[in-house]
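Trainee: Given chain R's structure and the hints, the job is docking chain Y onto it.
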Amino acid sequence: MLKIEHLSKQFGDLQALSDVTYNVKKGEILGLIGQNGAGKSTTFHSILSFIHYDGKISWDDQPINERVFDQIGYLPEERSLMPKMTVEQQILYWARLKGKSAKQIKPAIDQWMKRFEVKGKKTDKIKSLSKGNQQKVQLICTLIHRPSLIILDEPFSGLDPVNVDILEQAILNAKKEGAAIIFSSHDMGNVEALCDELVMMRRGEMILHGEIRTIREQFGKNEIFVTTDWPTAQLSQLPHIVEVTELSHHRYRLRVDDPAAGKPIFQQLSNGEYMEEFSQQPPTLDEIFRLKAGDPR
Amino acid sequence: MKKMWIVTLTTYLRQVKSWSFVILVLSPFIMLLVSFGVGFVSANSTSSSDDIAVIAKQPALRKGYIQVAGKDNVDTKLTTAKAAQHALKKNDISGYVILSAGQQYSAVYHGKEAMSASDKAQLTGYLGKLQTQNNVAQAKLTRQQLKQLSVQPAFKQVVQKREGIVKMARMVSFWILVFMVYMILTTYASITAQEIASEKGAKVMEMVFSSTTASKYFCGKILGVLMVIATQLLVYLAGGWVSLVAAKQMNMAKPFFDQYGSLVNQVVHNLVNVNLLFLFLGVIIYTILAAFSGALVSKAEDASKAAYPAVYLSMIAFFATFPFQNNADALMVKIMSYVPFFSSYFMPLRIINQSASFMEIGISLGILILTIIGLTWYISSIYKGLILQADESHFWQRLRRGVAYK
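As given, the protein sequences belong to chains R and Y, one line each in that order. Going by my numbering, the letters in the first sequence line up with residues 1 to 297, in that order. Going by my numbering, the letters in the second sequence line up with residues 1001 to 1406, in that order.
Source of the hints: derived by calculation from the structure; they are not laboratory data. Cβ coordinates follow ideal geometry from the N, Cα and C atoms, glycine included. Check the hints yourself; a few may be wrong.
The calculated lysine-lysine pairs, modelled on DSBU-like cross-linking and capped at a C-alpha distance of 35 Å, are [said to hold, decoys possible]:
1. R:Lys84 - R:Lys3
2. Y:Lys1120 - Y:Lys1156
3. Y:Lys1057 - Y:Lys1129
4. R:Lys3 - Y:Lys1002
5. R:Lys131 - Y:Lys1299
6. R:Lys84 - Y:Lys1203
7. R:Lys127 - Y:Lys1305
8. R:Lys106 - Y:Lys1203
9. Y:Lys1203 - R:Lys292
10. R:Lys131 - Y:Lys1305
11. Y:Lys1129 - Y:Lys1140
12. R:Lys106 - Y:Lys1002
With the Cβ distance kept under 8 Å, some of the chain Y side facing chain R (calculated, not the full set) [claimed, not checked]:
13. Leu1123
14. Tyr1126
15. Lys1203
16. Glu1206
17. Ser1210
Bound conformation, chain R alone:
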């Protein structure tokens, strides 16, 4: 288990991280979200000992040292490939630095390239590959040694929807194999689809932490999605309505100030008849992000 306890980091006058504490268990995915400068990359850099920090970080109750490095698969935010190396040389180089032998890794390269649908041969130079394929090679370098702790810094940025699916599948496979996975993302869709838990950060502070469902429900079921013939003006007259938004033709989102108002609104709208759609939901992760992660200044 990855344990982060009271992690703090200051760069000059800037408090980059402030008393951050959470765990990531094996076989669990944790999403780290926050605006730029919230402290996501600084957290990763602290875990990997790139920077000195206050607090304690451990993996399986051991401090992060070179022996632990071999169990870590890290995907940096920017591509970390040597343009003049071939795909095979690059993958082997990183894998050997992770304590694996060429003999162990070589036979798996073709299989991983196929799984990630890399367009190119393993004898191709990195610089000859497209940006997307370079990113896939980078992912192979991160995962091929079967790490038990996977740290992915913005892994979905710049990927097209097809490649997002491939990466999501790879992350879920690693989870199935028992790896502890922590990744940062701006895309709440990926976070919602993959994560067991999330940590939301703002200006170095952890402002939300927990299971996604629990967090959403903490905010109450204040949104009602309804398909009705009622016009907007009439919907606005319903009790406890704060806001009415027409999403498409005859489809509305009603925001209420009290979740208990859902039942009387349903009764009024349906009048005992069939209704095509009436769904009372907590706010989406996107909405929670906008609400909480935005700068309070």
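Mentor: Then chain Y, alone, in the frame of chain R:
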């Protein structure tokens, strides 16, 4: 250690497999071959037109002179005056000489220009000897008289040749050595600084430091570059030895080695000794400095500038040796021969001029080795802090932050 070795081996193989390394290593040999080739071709192409033909009714007379002049200087195929005249017209020979024997030996030279002084001396010497033999035979002298007439004047030269050669050898060795140190050092300082700065620019360092420690990576990198330098020096030593042996076997180079053989041996002796160790350690210390400055650049485009500190320092040390090439006992030379970064130029200068004792050489080597160990230890401990700074802040700011990383 295993991870350090992986970094070392990767660095080494990447360098030695590059075209720039192959060209760098082979270029002196290519130049040597080209100069030998040019010499050979010009020697061959000029030889025919410089030859002379020898014509004589008496074959023994002709044969005797060809032996004296040497077959290389005589066109032996031409045996008649007509053929020689024809060859002269076509500029195949520079002239021909018609010899005749009798009461008086004579020679008539035909050419477009006067006979060369050396040929003329050779010819008159040869004919003079034959004429004397003939005269002595004709005079019917007694053995005693003949012995008396054979007495020749004595001439002996006493030249301090050894001292002259030693002086010349020192000067030649000095120039070869300082240029070698400067060239190798500048080349590898640039290669190292650029390689590290490019890696920093390619953002690979985060991946590296998530796999191994900064000190192992730094030491691995330096060791890799050192292996490349050692490879180059070994190729130079082996190639130099083969070239020397081959040159000594060549007829064309024989006069050169007859005249300068001991000078060449002296120069080789001056170079292939502890001076090579100073060269090697000098390259190491400058490589470490170059790696340090390479880690301080902020973007890949600045990689070429990364070598400047090491190259400029090397240039200062290189030019500082010039005024002292004939004054190795100067106080300045003595001081500088102990100062790391400078000692790789100044101590070899003292060694060549035999102005440094074994103890002084040992102390200088000791200081240099300790500095290398200290620098490696210190830079590897702050290396992570230096190289992970990717912002475009001022150079001094990055340096201050890097030094404070520890």
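Trainee: Hints broken by the structure, by number, lowest first?
Mentor: 1, 13, 14
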